[in-house]
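Residue numbers (my numbering), protein chains in the order written: chain A, 87 to 372; chain B, 51 to 356.
These are computed hints drawn from the structure, not numbers from a lab.
All of these numbers come straight from a predicted model, not from anything done at the bench.
Virtual Cβ for every residue (Gly too), placed ideally from N, Cα, C.
Hints should not be assumed to be uniformly reliable.
One side only, chain A facing chain B, incomplete, derived with CB under 7 Å [stated by the list, open to error]:
(1) 101
(2) 102
(3) 112
(4) 210
(5) 212
(6) 215
(7) 217
(8) 223
(9) 227
(10) 304
(11) 311
(12) 327
(13) 345
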Amino acid sequence: MTAIAERRWPDAFRHASLAAGGGVVLLVALMALLAPLVAPHDPFLQNLDHRLIPPVWEAEGRWAHPLGTDALGRDYLSRLIHGARISLLIALAVGLLSGLIGTGLGLAAGYYGGWVDTAVLFVLTNRLAMPGVLITLAVVAIVGGSLTVVILVLGFLNWDRFAVVVRSAAQREANRDYVLAASAHGSSALRIMLAEILPNLVGPLLVVLTVEMAHAILIEAALSFLGLGVPPPNPSWGLMVNEAKDHIFFHPWMIFIPGIAIFTLVLAINLVGDGLRDVLAPEWRP
Amino acid sequence: MWGFAARRLVLALLVSISVSLICFSLLRLSGDLARALAGPQATADDVVQIARTYGLDRPVHVQYLDWVGRLLKGDLGTSFFGATPVLEAILARVPVTLTLAIGALLLALAFAIPLGVLAALKPNTWLDRGVAALAVTGQAMPSFWLGLILIWVFGVRLRLLPIAGSESWRHFILPTCVLAYAAVPALMRLVRAGMVEVLASDYIRTARAMGLAPLAILFKYALRNALVPVIALAAVQLGSLLAGSVVIEAVFGLNGIGQLAWTSISRNDFPVVQSIVLVVSLLYILLTFLGDLLNAAVDPRIRSNG
Chain A
87 MTAIAERRWP
97 DAFRHASLAA
107 GGGVVLLVAL
117 MALLAPLVAP
127 HDPFLQNLDH
137 RLIPPVWEAE
147 GRWAHPLGTD
157 ALGRDYLSRL
167 IHGARISLLI
177 ALAVGLLSGL
187 IGTGLGLAAG
197 YYGGWVDTAV
207 LFVLTNRLAM
217 PGVLITLAVV
227 AIVGGSLTVV
237 ILVLGFLNWD
247 RFAVVVRSAA
257 QREANRDYVL
267 AASAHGSSAL
277 RIMLAEILPN
287 LVGPLLVVLT
297 VEMAHAILIE
307 AALSFLGLGV
317 PPPNPSWGLM
327 VNEAKDHIFF
337 HPWMIFIPGI
347 AIFTLVLAIN
357 LVGDGLRDVL
367 APEWRP
Chain B
51 MWGFAARRLV
61 LALLVSISVS
71 LICFSLLRLS
81 GDLARALAGP
91 QATADDVVQI
101 ARTYGLDRPV
111 HVQYLDWVGR
121 LLKGDLGTSF
131 FGATPVLEAI
141 LARVPVTLTL
151 AIGALLLALA
161 FAIPLGVLAA
171 LKPNTWLDRG
181 VAALAVTGQA
191 MPSFWLGLIL
201 IWVFGVRLRL
211 LPIAGSESWR
221 HFILPTCVLA
231 YAAVPALMRL
241 VRAGMVEVLA
251 SDYIRTARAM
261 GLAPLAILFK
271 YALRNALVPV
281 IALAAVQLGS
291 LLAGSVVIEA
301 VFGLNGIGQL
311 AWTSISRNDF
321 PVVQSIVLVV
331 SLLYILLTFL
341 GDLLNAAVDP
351 RIRSNG
C-alpha cells in the first residue's frame with residue numbers, strides 16, 4: 087500500500103507541475119498578445135512628475151501605478167507586460183531558428199553516418215568549444231544591439247542540443263524496418279528523413295525546444311542587463327534590471343519585479359518541458 | 051590507452067586550429083574593423099590611415115597567418131588602447147577569474163554530490179522531489195539577478211559583505227555562491243542518474259547479498275563508479291564557468307578576465323576581445339581533453355569506443 091502511495095504522489099506532483107507551468111506560460115502569452123489592451127499605460131510614456139513611485143504595497147504606492155514607476159516616470163506594470171512580448175518573441179524565434187539548424191544537421195549526421203556524421207560532430211565540437219556568451223557580446227557590440235541581431239546570433243549559436251538529440255534518435259530510427267521499407271520502395275533520402283524519420287522525433291524535439299526557449303530568455307536577459315542586448319527604451323526585462331540596479335539602496339523593488347518575471351516564465355517553461363518528457367517518454371526521466 | 055590519447059590529442063589540435071580560424075574571421079566578418087575603430091566622425095582618409103597602421107589593409111589570409119605566427123611565440127598583440135601587451139593584461143586578470151571559477155566548481159560539487167546521492171537512495175520520495183525542485187529553480191534563476199538580490203540582502207540590508215571589488219576573500223563569497231548555484235543542477239542530476247543506475251546493478255546486489263556494510267557499499271563501490279561521468283562534466287563545467295563569469299564579474303565589479311572582456315567589447319578593443327575568446331576556447335578544449343583522458347583512465351569501456 088505505502089509503496090503504491092509513494093509512487094502515485096510524485097506522479098500527481100509531476101502532472102500538477104505540468105499544469106501549473108502550462109498555465110503560467112499561457113497566461114504570459116495572453117498578456118503578451120493583448121499587451122496594448124491590458125497594459126494600463128503606454129510603456130514608453132515618460133512623466134517626470136511621477137518618477138520612482140513605489141508599488142502599491144509600499145506606503146507611498148498608488149493604484150494608478152500598481153507596480154510603481156521607474157526613474158523616467160514610466161509605468162512599471164505596463165513595461166513589464168510589454169516586456170513579455172520581447173521575452174516570448176526571443177524564445178520562439180531562437181527556438182525555431184536553432185531548431186531548424188540543429189535538426190537539419192542532426193538528421194543528416196544520424197541518417198547518413200560515415201563522413202557526414204564525422205563532419206557534423208567536428209562542427210559540433212567546435213561550437214561547444216567556443217564561449218557562446220562572449221561571442222554573442224562581441225558580435226552585438228560590433229553590429230549594434232537590436233532584437234533581430236540578438237535572435238540571429240543566439241539562433242546560430244544554440245543549435246547544439248537539437249543536433250545531439252536528433253542525431254542519436256535518427257541513428258536509432260535509420261535501421262528500423264519502416265525506414266528500410268521506404269528506402270527499398272525507392273523514396274529519396276530527403277523524403278525518408280523528413281516524412282518518415284522526423285515525425286517520430288516530435289517528442290524529443292518538443293522537449294529540447296522548451297529547454298532552448300528557456301535558455302534563450304535567460305541569455306537575452308543577461309545580454310540586455312549588460313547593455314549589449316535589446317537597446318533602450320525597449321522594456322526588455324533584463325534591461326529593466328539594468329536600469330534598476332543604480333536604485334538598489336532606496337528602491338530595491340525595481341530590481342525584484344522584472345527578475346521575478348524572468349524567473350517565473352523560465353521556471354514555467356522548464357516545468358512544461360519536464361512534464362512533456364514524462365508524458366511523451368517516461369524512460370528519459372533524469 | 052595511448053592510442054586513445056593520441057586520437058583525442060589530434061582531435062583537440064584540429065579543433066584548436068578551426069577555433070582560431072573562427073575567432074579570427076568572426077570579428078572580421080561582423081563589419082569593417084577600421085571603420086568601427088575610427089569612430090562615427092572619421093573621414094574616409096582616417097579609415098584608410100587606421101587600416102594601414104594596424105595592418106588591416108593586407109589580404110585576410112596574410113593577416114591570419116601573421117596573427118597565428120605571433121600567437122605561437124606567445125605574442126597576442128597589443129590593445130588598441132594603451133600599449134599593454136594583451137597577454138600581460140590577460141595574465142594579470144587570471145587569478146581573480148580562476149579563483150572564482152574553481153571556488154564555484156568546488157562549492158557546486160560539495161552540494162551536488164551529497165544531494166544527488168541522497169536523491170538516488172530515496173528515489174520518488176519527497177526528498178527526491180525536493181532535490182529536483184532545487185535543480186529546476188537553479189536552472190530558471192537569472193544569475194545576474196540572484197547576484198543583485200544577494201548584494202541587496204548581505205551588502206545593503208545586513209551590511210555583512212562588501213558589494214563590489216576583488217580586494218579580499220570576502221569579496222568572493224557572494225559571486226562564488228551565485229556561480230556555484232548555476233552549476234549545481236547539471237552536476238546533481240548526473241550524480242543522481244549515475245547512482246540510480248549503479249545501485250541497481252548486479253555487483254552492488256552481490257555486495258549486499260554478501261552482507262557488506264551498507265555505507266561501505268555506498269562509498270567504496272557505488273559512488274566511485276557513479277562519479278566517473280561527473281569528472282568529465284566537472285572539467286567541461288569549469289570551462290563554462292570561466293566563460294560565464296563575464297556576467298558575474300560585471301555584477302560584482304570583480305576585476306577578472308570577464309570584466310576585461312566586457313570593457314574591451316564595449317570599446318571595440320578587437321585584439322583583446324579576439325585573444326580572450328581564443329584563450330577561453332583553448333582552455334575549454336584542454337579541459338575537455340583532460341576530462342576525456344581521466345574518464346578513459348578509470349573506465350576501460352570508453353578507451354575501446356573512443
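Going down the list of hints, with the structure as the test:
1. 101: violated, 13 Å
2. 102: violated, 11 Å
3. 112: violated, 17 Å
4. 210: violated, 10 Å
5. 212: Status holds, d = 5 Å.
6. 215: holds, 5 Å
7. 217: holds, 4 Å
8. 223: holds, 5 Å
9. 227: holds, 4 Å
10. 304: Constraint on residue 304/A satisfied, holds at 6 Å.
11. 311: holds, 5 Å
12. 327: holds, 6 Å
13. 345: Check passed: Cβ of residue 345/A comes within 4 Å of chain B, closer than 7 Å.
Hints 1, 2, 3 and 4 from the earlier list are contradicted by this structure; the remaining hints agree with it.
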